[in-house]
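Chemist: Sequence:
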Amino acid sequence: MIHWLYAYFYFIVYSVAGWLCEDVYVGIGKKKLVNRGFLYGPYCPIYGFGALIVLYPLMKLGDHPLLVFLGGMVLTSTLEYFTSWIMEKLFHERWWDYSTYKFNLNGRVCLLNSVLFGLMSLVVVFLIQPHVESWAKSIPLSTLRIVLIVFTIGFCTDLVITCVHLVKRRNVLQKMHVEIEALRQQFEFDTQEKINMVQDHLSEVSNRIGEWVESKPELNEKIEEFNATMEKLQKIRNQRISKAFPARTVSGPIRNSHEIAKNLRQRLNEKRNNNQ
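Under our numbering, think of the first position of the sequence shown as 9, with each following residue one higher.
Just so you know, these hints were derived from the structure itself, not from any lab. Given the structure is predicted, the values throughout are model-derived calculations rather than measurements. Keep in mind that the hints are not guaranteed to be accurate.
Now the in silico label distances, taken between C-beta atoms and shown as ranges [to be verified]:
| no. | residue 1 | residue 2 | range |
| --- | --- | --- | --- |
| 1 | L130 | I157 | 29 to 39 Å |
| 2 | F90 | I136 | 19 to 29 Å |
| 3 | T257 | V158 | 29 to 39 Å |
| 4 | V32 | T108 | 19 to 29 Å |
| 5 | L167 | F90 | 17 to 27 Å |
| 6 | H72 | I36 | 27 to 37 Å |
| 7 | V123 | S150 | 41 to 51 Å |
| 8 | F90 | W143 | 55 to 65 Å |
| 9 | L69 | Y14 | 15 to 25 Å |
| 10 | V32 | K183 | 36 to 46 Å |
| 11 | H72 | T257 | 22 to 32 Å |
| 12 | E233 | H139 | 55 to 65 Å |
Result set (BS3-like, lysine-lysine): computed pairs, CA atoms no more than 27 Å apart in a straight line [what the hints assert, rightly or not]:
| no. | residue 1 | residue 2 |
| --- | --- | --- |
| 13 | K110 | K97 |
| 14 | K240 | K176 |
| 15 | K38 | K110 |
| 16 | K183 | K110 |
Even glycine gets a Cβ: it sits at the ideal position worked out from N, Cα and C.
The whole structure should be built from the sequences, with the hints applied where relevant.
Modeler: And the structure:
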């Protein structure tokens, strides 16, 4: 039991340390403070998990720095890859994209970051963890339990609030996708003209659908519903998360619908303003 308490404490320490390091690193480049965390609090859980999957298998390899480096590269890159994949599946958004980096794998991980993770694994295993372990064991168990309980309450509350917001956004994205698909199918039925959502230029698709919509007064109700969905999507856009993850993009089959929806809404708004 005590072993698990210490492991949880290490998770907290490295989650906070990772959040601090990333905020400083990004803040220097942007010349301002930026909360780079997925959550509201001062912690990045991916760094906590990363530290644990490095420490427990690799601490036993203390006499082999090269193995620690390589093992750290592989383990942390695997964690980053599957974290990206899981978050994309859950929320229909890609939170980071390394597609422009050399030697990347599906834009989820890249060699540069993997090397940095390997170097950080060396620092954690050989320099930081011995001090963290000594500090943890100097804290009375009763105090440690209180710290862990307080953190757990705050962390779980933070996680629920963030996930509720993101699930709402995901549901609105799905609704928007359904509405655009319905318009596309009706357009194809009326005009006998097929639209390839992958190969066709999305702005051109938006214009073609827009011209068709404007010629169909009976679609006004659908368009109002579509506009309401887009306005709701704009309202629930989380400014903090957008700043923390500026490369975040809608992903999967919803991506094209999202681009068409934005272009179509802009076209309809321009027409509405011109008619006023």
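Chemist: Honestly, which of those hints from before does the structure not fit?
Modeler: 8, 11 and 16
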